[in-house]
Structure formats: structure tokens, C-alpha cells
Amino acid sequence: MLSCYRLCGSLKKGSFIARSVRTSAIHGQAKTPIQEWGWKYLVRQEASGRPLSPHLSIYKPQITWFVSGAHRITGCVMAGVLLFGGIGFAALPIDFTTFIDAIQSLGLPRFVLGTFKLIIAYPIVFHTLNGIRFIGYDLAKGMDLPTIHKTGWLVVGLSLIISLAIVLNSKREPVPKANK
Amino acid sequence: MSVLSQVCRHTLRSRLLLAKTFAASSVVPRTREVTTTTVAHDHASHFKIERYWAAGMLPIFPAAYFIHGPYMDAALTIALTLHIHWGLFAVMQDYARPILIGESAAKAACASVYVISILLLAGLLHFNYNDVGLTRAFELVFSL
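Chains as they are written, first to last, in UniProt numbering: chain V, 1 to 180; chain U, 1 to 144.
What the hints contain is simulated information worked out from the structure, not anything from laboratory work.
None of the values given here were measured: they were computed from a predicted structure.
Where is the CB? At the ideal position from N, CA and C, for every residue including glycine.
Hints are supplied without guarantee of correctness; some may be wrong.
Under the rule of at most 25 Å between Cα atoms (straight-line distance), these lysine to aspartate or glutamate pairs were calculated in the DMTMM-like manner [what the hints assert, rightly or not]:
#, chain 1, residue 1, chain 2, residue 2
1, U, K107, V, E36
2, U, K107, V, D144
3, V, K40, U, E139
4, V, K31, U, E139
5, V, K31, U, D131
6, V, K60, V, E36
7, U, K48, V, D144
8, U, K107, U, E139
9, V, K141, U, E139
10, V, K31, U, D42
11, V, K171, U, E139
12, V, K171, V, D101
13, V, K60, U, D42
14, V, K40, U, D131
15, U, K48, V, D138
16, V, K171, U, E103
17, V, K60, V, D144
18, U, K107, U, D94
19, V, K171, U, D42
Derived CB-CB ranges, DEER-like [claimed, not checked]:
#, chain 1, residue 1, chain 2, residue 2, range
20, V, A165, U, P98, 27 to 33 Å
21, V, Y41, U, I118, 34 to 40 Å
22, U, S104, V, I73, 43 to 49 Å
23, U, I78, V, L52, 25 to 31 Å
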């Protein structure tokens, strides 16, 4: 009971835990001076009626932002799969085993199934390996441009190798005889 | 004479610099007291926790390839849900901006990330308890 009170106390608004776990400031609350200046700048620019400068349409494809974009996209897509998979199998009457049996009964060729397994494995491995690379950046390691390019290609290639290894290593279980 | 005056000026300047740095260090408080209502200036500790969590998650994934079972499912669920929550919050902050969609829509978008995370946690927990569980699910998919 006492420990419960202590825990509640530590979760008070101004406590270290609350401040660390709570994500950033809610929009529209008490802007700092520089944030206020920045907001006024944006409003002024919008009011000028000038068009937005082209960005994605003109930027040369580079390993830097491709990998960064891929990191975010794989993260969001995987999160989406987990979200819709989790809620889907909870809400729908079908369960995962039935789902797998249904796919197995389709009798898809090994190449197709292997491709799907690669599509599943690659984002996981890529996001994990690039995560290491990005945490290196947060520690200010490997921030010079040649290293950025090298490690970028290394992550892309190594992820492919590891995912291929995972897919090739996956044993294919024989189709169960229908005895229902 | 000029050399002497230069030396005097140099020592004066260095003394001023010294005084400035001492003054600056005494002005910066070393307390953790929060005086404003925002948590913008606590972003540093939040950032650190996010990265430590992500770094701590790293060994779970190669381990999950070899070790399966309900405990691994639970570890994955906890690690993933929190990581995804923080990640989605960053994405939402980056793209659902007030200048683009208005203050209230931006606030709603950031609040919706909490809803998504709770749904994700609920879905994963249900999957782990009432269905095959994450590691078994991967086993099944990769044995197709």
C-alpha cells in the first residue's frame, strides 16, 4: 500500500518519471519565444501567397535520405501490420491457425511463398540494422559523409543477406493430410 | 611600453573571459525543478530514454529468432508497443503540423497516437493469450 502511494507520488506531473515518459509539449500550449517567432514566420510566409518550393520531386535520389525514408516507412508499415493483425485477429471470428491453413491450401509455389517471406523478413532486419546506424548518429559516431554512404549501403546489403538466410533456412512443413 | 600594454590587455581579457565562464556556470541551475508548464525543455531526457529503449531492444530480435515461447512474446510486446508509440508520435509531430492542418487537428492527431498504441497493446496481448502468440505466428508463416 505504501509502495503504491510512493509510485503514485513519483508519477506526479512535475516528477522526473512523468517528465521523461510524457512525450513532447502539446501543440498550442505556451510557446517559447523562438517557437512563437517560428510560428509567426510560417504564418507570414503562407500569407505571402508564394508557392511551396519543390522538394521530393527535385531531390537527387541518394542513399542518405532513401535509407532514412525507408527506416521510417518500414517502421510505420510494420507497426500497421502488428496493429491491424492484432486487432483483426481479436475482432474477427477467424484465428491465426485457420488463416495459415487457408494460405497453405492455396498451394502457392515455393517461389511466391519465398518472396512473401522475404518481404516480411527484410523490413524487420533492415529497420533493426539501420537502427544501430542511427543510434550511432545520436552518439555522433560515423557522421562524416563517406562513412554515411558506406554504412548506408552496408545496412541495405547486410539486411538482404540476413533476410535471404532467414528465408532459405525456413523449413517448409509438409501440407497436412485432410482428415476432417 | 606597447608590449607591456598588450600583455596587460591580454591578461585583462583572459580575466574577463574567466569571469564570464564562472558567472555562466553559476547561473545555470543544476536542479531538476520544472518551472514552466511545458515539457519542451525535458525533451533531452525523453530523447535519451527513447534511444536507450531502442538500444536495449536490439538483442531481443536475434534472440527471438532462436528462442520462442510466451515469455519472448511478452518481451516483444512490451518492447515493440513502447517503441512504436514513441515512433508514431514523432511521425505524427512531423507530418500533422498545425500550420498544415490547424491547431485542433494537430492536437487530435497527437492524441490519436495514444489511442493507436493502446489498441496495438490490446491487440498484441489478445494475440499472445488467446491466439498462437507472436513467435509461434512467425514460426507458422515461415514454415509455409
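Evaluation of the provided hints:
1. U/K107 x V/E36: 17 Å, holds
2. U/K107 x V/D144: 37 Å, violated
3. V/K40 x U/E139: With Cα atoms ~54 Å apart, V/K40 and U/E139 exceed 25 Å; violated.
4. V/K31 x U/E139: Given pair V/K31, U/E139 is violated - Cα atoms ~50 Å apart, limit 25 Å.
5. V/K31 x U/D131: Roughly 47 Å between the alpha carbons, so the hint for V/K31 and U/D131 is violated.
6. V/K60 x V/E36: With a Cα-Cα distance of about 33 Å, the restraint between V/K60 and V/E36 is violated, given a limit of 25 Å.
7. U/K48 x V/D144: 23 Å, holds
8. U/K107 x U/E139: 40 Å, violated
9. V/K141 x U/E139: With Cα atoms ~36 Å apart, V/K141 and U/E139 exceed 25 Å; violated.
10. V/K31 x U/D42: Measuring from Cα to Cα gives roughly 14 Å; hence the hint holds.
11. V/K171 x U/E139: Holds: V/K171 and U/E139 sit about 10 Å apart, inside 25 Å.
12. V/K171 x V/D101: 16 Å, holds
13. V/K60 x U/D42: 36 Å, violated
14. V/K40 x U/D131: 52 Å, violated
15. U/K48 x V/D138: 9 Å, holds
16. V/K171 x U/E103: Violated. V/K171 to U/E103 sits at ~52 Å, over the 25 Å cutoff.
17. V/K60 x V/D144: 19 Å, holds
18. U/K107 x U/D94: 13 Å, holds
19. V/K171 x U/D42: 49 Å, violated
20. V/A165 x U/P98: 27 to 33 Å: 46 Å, violated
21. V/Y41 x U/I118: 34 to 40 Å: 36 Å, holds
22. U/S104 x V/I73: 43 to 49 Å: 28 Å, violated
23. U/I78 x V/L52: 25 to 31 Å: 41 Å, violated
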